[in-house]
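One-letter residues, chain by chain:
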Amino acid sequence: MDTFALLLHGFDVALTPVNLMWALVGSVLGTAIGILPGIGPALTIALLLPVTVSVGPVSAFIMFAGVLYGAMYGGSTTSILINTPGEAGSMMTALEGNKMARAGRGAAALATAAIGSFVAGTIATLLLTFAAPVVAELAFLLKPADYFALTVLAFTSVAVVMGASRVRGFVSLFIGLALGLVGIDAMTGQPRMTFGIAALLDGVELTVVLVSLFAVGEILYVASRYTYGQDEIIPIKGKAFMTRDDWRRSWKPWLRGTAIGFPIGTIPGGGSEIPTMLSYTLEKKLARHKDEFGKGAIEGVAGPEAANNASAAGILVPLLTLGLPTSATAAILLAAFQNYGLQPGPFLFTSNPELVWGLIASLYIGNAMLLVLNLPLVGMWVRLLQIPRPQLYAGILVFAMIGIWGVSGSVFELGLMAALGMVGYAMRVYGFPIPPLLIGLILVPLAETQLRTALAAGQGRLSVLFDTPISVTFLSLAFLFLFLPVVLKRLKGGA
Amino acid sequence: MTLLRKGPWWLGLAVILMGAVCFYASTELAATAQYAAIGPGMFVAGVGLGLVGLGVLLLIQIARGEVFEPEEAENAAPGQPMDKRAFFTALLAAIVPALTIETLGLPLTAMLSFMLVARAFGSKRLVPDLAAGLVLGVASWFLFGKLGLQLGGFFPLAGM
Chain A
0 MDTFALLLHG FDVALTPVNL MWALVGSVLG TAIGILPGIG PALTIALLLP VTVSVGPVSA
60 FIMFAGVLYG AMYGGSTTSI LINTPGEAGS MMTALEGNKM ARAGRGAAAL ATAAIGSFVA
120 GTIATLLLTF AAPVVAELAF LLKPADYFAL TVLAFTSVAV VMGASRVRGF VSLFIGLALG
180 LVGIDAMTGQ PRMTFGIAAL LDGVELTVVL VSLFAVGEIL YVASRYTYGQ DEIIPIKGKA
240 FMTRDDWRRS WKPWLRGTAI GFPIGTIPGG GSEIPTMLSY TLEKKLARHK DEFGKGAIEG
300 VAGPEAANNA SAAGILVPLL TLGLPTSATA AILLAAFQNY GLQPGPFLFT SNPELVWGLI
360 ASLYIGNAML LVLNLPLVGM WVRLLQIPRP QLYAGILVFA MIGIWGVSGS VFELGLMAAL
420 GMVGYAMRVY GFPIPPLLIG LILVPLAETQ LRTALAAGQG RLSVLFDTPI SVTFLSLAFL
480 FLFLPVVLKR LKGGA
Chain B
0 MTLLRKGPWW LGLAVILMGA VCFYASTELA ATAQYAAIGP GMFVAGVGLG LVGLGVLLLI
60 QIARGEVFEP EEAENAAPGQ PMDKRAFFTA LLAAIVPALT IETLGLPLTA MLSFMLVARA
120 FGSKRLVPDL AAGLVLGVAS WFLFGKLGLQ LGGFFPLAGM
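Protein chains in written order, with numbering that gives the first Met the number 0: chain A, 0 to 494; chain B, 0 to 159.
So here's chain A without its partners, still in its complex pose:
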């Protein structure tokens, strides 16, 4: 129960000049890619993975944490100033924030978003500090059947939540599962689905798949349907920062947004879309000036922004304690851990306390840094949008190529990049969500190992999977998730 002492030690680690520099690099990069189109936090971290060759794990994760939080700050900036939410979590911000900017209250919208993100990020990090070790303790109780049920829950929820259609979500998931099975079977050493290709013996790497689907797929898609009107950037008029009234109207939505975002972020499949939507709906219901909603109500920016950031910290709870990624970004973070030969899960807290607590401490530092980077410098950030699109996308492809070549050094994987890029293109055109594929790919070894262990222990009896109350609970939840879209549709109708 020395969480506090451990956290202080974490600050010792994170506050060294070198690690502060990495936090700054991550925050700056994160904000930039949050603002730029075509590149999100998952892709950025995937492209940064090669640095794990020469940078220690603590520094690398401190940088990745900066990217993760920074991307959200950057996303809210573009939502407010040009009405293009870079990611699902900023959609609600754009609703009210852009209206505020049009009404000349852009500075107030940006401020409530940034301060709300800071407040939520800090509280959520605090919750993470105290929740994570407890969950990690509980994780020791999980038996193989429970772990398998947990992965089933993660799979189902991600496949259901992340797309327009359940069938397409599951297709994406199963393609990921199939790709994840390629290579040498860890339990028997037999090569599987390699079809005689030596390069496939090592399996298909998440980095390659993620970069190909996100970068190459996006480039092909945007190129084929390119429309470029100069984005209309709404200038920030005057110095009208938040007024006393703005503060009064913002602080409760910040807290409520945090309370919604964090727990949902910890749930597999919770993501950032549902909490921001819930927060928006709630604020609309509670608001005194209901008529302002749709015309630029500050509560509609403050709540969702806080929920968005809190859910990002929430995602770290299952990742660090159970080794269970629940979003594309979490999946790539898991891959980064594996690059270092680290396996997130209950043992990480005892085997690498320095890394875990350094990472958590760096989240506090990153948040403070981002607040400073974002509020006064917003004018500078927005200028990034002036990079001409042809050269921007060209640069993204070059970095994608370097990322894959640098990690694998294999021509085969460069060819795979083009092939998977086409898959990514088709997935975009026909509305197949990409995150389920990535999560299937990275979690299939865990799911399969636990399933086989559980079944072997039960001498092949399938009922062994339903033997413990925990596994039954997880499996029932997974089943219930199948009906979530109906509920969500109602919610969306109400928003």
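Note that these hints are calculated values from the structure, not bench results.
Even glycine gets a Cβ: it sits at the ideal position worked out from N, Cα and C.
Hints may be right or wrong, so weigh each one.
Which residues of chain A face chain B? A partial, calculated answer using Cβ under 10 Å [as the list claims (entries may be wrong)]:
1) A163
2) W404
3) G430
4) L476
5) L479
Part of the chain A face toward chain B, derived, beta carbon under 7 Å [unchecked claim]:
6) S53
7) Y225
8) T226
9) Y227
10) K251
11) L254
12) A258
13) V381
14) L384
15) R388
16) Q390
17) L396
18) V428
Since the structure of chain A is already known, use the hints to place chain B on it.
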């Protein structure tokens, strides 16, 4: 019935094909290491059957006239018809690295790919694009090389 014929049938068929490939691969996995039917092929077979089932579901949806809404993306109009020239130019840019990296090396490959993507997006400035790609490639080659990445030769064909 015209709607029926126009649907993206190939999507469902492709998913079924993937499932069939998985299932076929699972039958090749010898039962030697098996214990109570639990072997390396079990999960593969399950995933294969799952894909086949999903492919069938997809076909049923398509037969019923399911609408496939494209994803939203910045700088792209989802409803717009596909610009084939731009698509294939960009695709070529993605294929080039696998063909040239071992002979031309990273900097020149970056130059070519950069120029092709820029062209796909309508840039007409051939020389500046080539130059920008080359600068990016050279800078990355040195910088990432310093960080310890194995990026191959600078220009292998010339022995550099």
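Structure-based check of all given hints:
no. : hint : in the structure
1   : A163 : holds, 6 Å
2   : W404 : holds, 6 Å
3   : G430 : holds, 5 Å
4   : L476 : violated, 20 Å
5   : L479 : violated, 20 Å
6   : S53  : holds, 4 Å
7   : Y225 : holds, 6 Å
8   : T226 : holds, 4 Å
9   : Y227 : holds, 6 Å
10  : K251 : violated, 31 Å
11  : L254 : violated, 31 Å
12  : A258 : violated, 29 Å
13  : V381 : violated, 15 Å
14  : L384 : violated, 10 Å
15  : R388 : holds, 6 Å
16  : Q390 : holds, 6 Å
17  : L396 : holds, 5 Å
18  : V428 : holds, 5 Å
When held up to the earlier numbered hints, the structure conflicts with 4, 5, 10, 11, 12, 13 and 14 and fits the remainder.
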